[in-house]
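Colleague: Chains as they are written, first to last, in the numbering used here: chain U, 1 to 298; chain Z, 1 to 579.
Just so you know, the hints here were simulated from the structure itself, not pulled from any lab data. For each residue, glycine too, the CB sits at the ideal point set by N, CA and C. A portion of the hints provided could be inaccurate.
[Stated by the list, open to error] Reference listing, derived: stretches of chain U covered by chain Z, where coverage requires no fewer than 3 residues with Cβ under 8 Å from a Cβ of chain Z:
| id | stretch |
| --- | --- |
| 1 | 15–26 |
| 2 | 55–61 |
| 3 | 66–80 |
| 4 | 201–211 |
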Amino acid sequence: MRIAVVLGFLFAGAYLVAVLEARLATGRLRLAAPGWAAMALLGRESVVPRQPDRLFFETAPALLLIAALLAAAVLPLAPGLFITNLATGALFVNAALAYVLVALLMAGWGPDGAYALIGGWRFLGQLIAYSMLIVMPITAVAMRAESLLTTDIVASQTGLWNILYQPLGFVLFFIAAMGVAFLPPFDLPSAEGELAGGVTSEYTGVRLAVFRLGRLVLVITLSAATVVFYLGGWLGPVLPPWAWSAVKILAVSATMLLIGHYLPRIREAHLLAWCWKLGIPLALLNIFIVGVMVLVWP
Amino acid sequence: MIAGARAGTVSGLRRLTAAAMARDLHAIIVPGPEVARARGLDIESAGLQIAATPRHANVLLLVGPVPRELGDAVIVLYAQMMRPRAIFSLGASATPSPLPHADVTADLSQSGLLDGVTRLRSAFSRGAFRLGVSDFDAPALQIRIEYTCPMHPEVVQDQPGSCPKCGMNLVPREASASAEPHHGAEHATPPEYTCPMHPEIVQGEPGSCPKCGMNLVPREAGSADEHAQGHQDADMDHGDMGFMSMVEVTKDLPRSPDGLPMDWIEVPFGPFFPGLPGGLLLTLTLDGDGIAKARAQSLVGGSGALPASGMGAADFVEHLSASDPLAPICYRLLACRTLEAAAGQAPDEEILRGRIAAMERERIASHLGWLALFARQIGFGWLLRRAASLQLQFLHADIKQVMALSPALQALIKRLQRTPLLKSRTAGIGRMVPDTVLRGPVARATGVGDDARSRDKTCSTLGFTAVSRDRGDALARLHVRLDETRHSLALIKAAGAIVLPTPVDIGVISGKGEAAVETPRGEARLQLTLDNGRVIDARLDTPSTHHLDLVAPLLEQQELGDGLTTVASLDLSPWEVVQ
Numbered sequence: 001m002r003i004a005v006v007l008g009f010l011f012a013g014a015y016l017v018a019v020l021e022a023r024l025a026t027g028r029l030r031l032a033a034p035g036w037a038a039m040a041l042l043g044r045e046s047v048v049p050r051q052p053d054r055l056f057f058e059t060a061p062a063l064l065l066i067a068a069l070l071a072a073a074v075l076p077l078a079p080g081l082f083i084t085n086l087a088t089g090a091l092f093v094n095a096a097l098a099y100v101l102v103a104l105l106m107a108g109w110g111p112d113g114a115y116a117l118i119g120g121w122r123f124l125g126q127l128i129a130y131s132m133l134i135v136m137p138i139t140a141v142a143m144r145a146e147s148l149l150t151t152d153i154v155a156s157q158t159g160l161w162n163i164l165y166q167p168l169g170f171v172l173f174f175i176a177a178m179g180v181a182f183l184p185p186f187d188l189p190s191a192e193g194e195l196a197g198g199v200t201s202e203y204t205g206v207r208l209a210v211f212r213l214g215r216l217v218l219v220i221t222l223s224a225a226t227v228v229f230y231l232g233g234w235l236g237p238v239l240p241p242w243a244w245s246a247v248k249i250l251a252v253s254a255t256m257l258l259i260g261h262y263l264p265r266i267r268e269a270h271l272l273a274w275c276w277k278l279g280i281p282l283a284l285l286n287i288f289i290v291g292v293m294v295l296v297w298p
Numbered sequence: 001m002i003a004g005a006r007a008g009t010v011s012g013l014r015r016l017t018a019a020a021m022a023r024d025l026h027a028i029i030v031p032g033p034e035v036a037r038a039r040g041l042d043i044e045s046a047g048l049q050i051a052a053t054p055r056h057a058n059v060l061l062l063v064g065p066v067p068r069e070l071g072d073a074v075i076v077l078y079a080q081m082m083r084p085r086a087i088f089s090l091g092a093s094a095t096p097s098p099l100p101h102a103d104v105t106a107d108l109s110q111s112g113l114l115d116g117v118t119r120l121r122s123a124f125s126r127g128a129f130r131l132g133v134s135d136f137d138a139p140a141l142q143i144r145i146e147y148t149c150p151m152h153p154e155v156v157q158d159q160p161g162s163c164p165k166c167g168m169n170l171v172p173r174e175a176s177a178s179a180e181p182h183h184g185a186e187h188a189t190p191p192e193y194t195c196p197m198h199p200e201i202v203q204g205e206p207g208s209c210p211k212c213g214m215n216l217v218p219r220e221a222g223s224a225d226e227h228a229q230g231h232q233d234a235d236m237d238h239g240d241m242g243f244m245s246m247v248e249v250t251k252d253l254p255r256s257p258d259g260l261p262m263d264w265i266e267v268p269f270g271p272f273f274p275g276l277p278g279g280l281l282l283t284l285t286l287d288g289d290g291i292a293k294a295r296a297q298s299l300v301g302g303s304g305a306l307p308a309s310g311m312g313a314a315d316f317v318e319h320l321s322a323s324d325p326l327a328p329i330c331y332r333l334l335a336c337r338t339l340e341a342a343a344g345q346a347p348d349e350e351i352l353r354g355r356i357a358a359m360e361r362e363r364i365a366s367h368l369g370w371l372a373l374f375a376r377q378i379g380f381g382w383l384l385r386r387a388a389s390l391q392l393q394f395l396h397a398d399i400k401q402v403m404a405l406s407p408a409l410q411a412l413i414k415r416l417q418r419t420p421l422l423k424s425r426t427a428g429i430g431r432m433v434p435d436t437v438l439r440g441p442v443a444r445a446t447g448v449g450d451d452a453r454s455r456d457k458t459c460s461t462l463g464f465t466a467v468s469r470d471r472g473d474a475l476a477r478l479h480v481r482l483d484e485t486r487h488s489l490a491l492i493k494a495a496g497a498i499v500l501p502t503p504v505d506i507g508v509i510s511g512k513g514e515a516a517v518e519t520p521r522g523e524a525r526l527q528l529t530l531d532n533g534r535v536i537d538a539r540l541d542t543p544s545t546h547h548l549d550l551v552a553p554l555l556e557q558q559e560l561g562d563g564l565t566t567v568a569s570l571d572l573s574p575w576e577v578v579q
């Protein structure tokens, strides 16, 4: 039951993200659009390219969805409302997100198409940029909570949310999260104008539907992670906890999509340079500041 | 009923799916969205979403007649689309053979588009599934298998075998049956064989070393001793011959600046690539994601050429105007000016001013169209929508509407100057130095104030001054176009009215004429010869013809994304390329 509620929540969130994405792309708000689009995709042919790596090609969309769901499994939406509460939860999020890279590389390699292949490579580069900026801010969050349990992390923010306690960590994590979900301006692996869809360019029909669903759930998962780590999770007055989680997660997702809408895609070289030369020193500084604060102001 | 229906009986669930498809139309546009917009079509507001790849499209939208040279590419495009798929043709009833006939045809106008989309929806909901569907096949879809070495892309042959340079097995790859086979291997130096342990042993055929008996390994002739010396140690580590040393295999490959030898692949970008103008074909040899070699060609150029039999003067104006859908007014003006020069006539000042206003309005629309295309390439969603919608509004605006739109345009320009990441995305990309072959905004971005309008008296009286920037990169080209857009607004305001160029009656005269027009892409020149009121010879010189030749050297050694940004920043019109 609990699992079904969480999954239902994730898919409902993914649907709303799809509505917003369609609104930004077409300029029209149509609540039914993603539903029709999904049904149309299911009715369309789904072909396998001529010389695929069949295993990679078939597995990649499902793996992307599974990776996103796995990471979401440890994120609590309300006290008691989670799939599992691992003692290593915060670390597990990061571990599960590692499979996003694997899925995208497989999707790039599988179809034996140049655009997809370059998309896959690009995401490999992107991982090098974002991965440290996922782990290091989480470290600082866990330092304050003195626990890797995601429920403890939420509880630790009762007095002051982490977005105020460690704003630097929030900014870094937020940017890195957009990088993981390859949202614009970090949509290097799936760039339309540069790679005609990149990793998604050879997927059609039901496989494309699964891939897109995986991507949408990934956006919700990363928003949920941002909420749990920095925005006080379910904490908030008046409304019930699950409603606070829902509102915050959707707000974070919408912010991510909106930011990308108003920016051009970043250059891969700049992404790497900025993440390593600026992001990582800042993340270290964040850990240091939080360490000092935890000591002087527990 | 649609010709590209998917096989299947029509059941309840299928009916629902068909209804969903009718609501979810994704079009791949031939020749491209920028041509559709330049012709005044608002594809997205008509309910068609623009697909990035034929794989994700279910509607093939043909805007106007398909140029003959694009026929095969359109057939391949159609074959790549998933069924159920439909062909929607605007303004032309014929599709390139052997494509099925268009499922829906309509006039080339916004109302035709809207009407067509409605019919398309009902065609989908009624006929997306059907029994007895046959496969689509065409000669253009035939493929040929050729064999190439993964490390030496210049080695290409029709038979399987091993690479003459490194001995690796050649891998099969598909090539279009129509494309002419490569003969790179012919140019390669014949290999010679050497002993990994005794570099002084060199012979023309494989064999074993007279000193130690090891199998000789191949090496490129003339690829000197420094390799043999330099890699002697490396080879000793795995002295066995069956094994392929990476060092050995990659030593003769040209290095990209990052020093990493990688698989080279030849990838076509175009002629219907989402981030490039339709009809432009870039063939990039990629070394990883770096561009090792580039080739750019226009598949739709030369349409402005004069038929051998010549043309009537009025027909010629229409012909030249239709030759470039991205700048029809400027080419119309060019034809009119040249005819008038040949006839020794000059229209009155009022008309001249009005024509300049028409040219400047087209410049604004064209630069906005370029912005939209550029935005699509660099993934800037907001700019794509904003620029595209402004372009459509400017396209046929009268003077009052232009003035009313002016604040929106100014706001767009201001916003672009403040957009984060845009500067870093374009600064330093595709840097060029002043060169006489450069024209238009591309030239003015290198600090040269060259502009055909500064030689035009009427333009000067309207207060024209050429704008220029001096960095010569994609950012400078963006800024020049934005500045020009502002200038154009001022010029239209000063001109006071917009008058489309119409040919004056030149009568039955003979003579030669020459004129130039500063099109949105730079100065276009035309020389023509009249014989008894008939155009018998026309020589056209256009900016994109020259800029196209610059693409290959500019792109080499750039990262793929930067390379594409460079091409986009040149604002090529494949249509005006003279072949």
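Colleague: Hint compliance check: list the failing hint numbers for this structure, sorted ascending.
Modeller: Structure breaks hints 2, 3.
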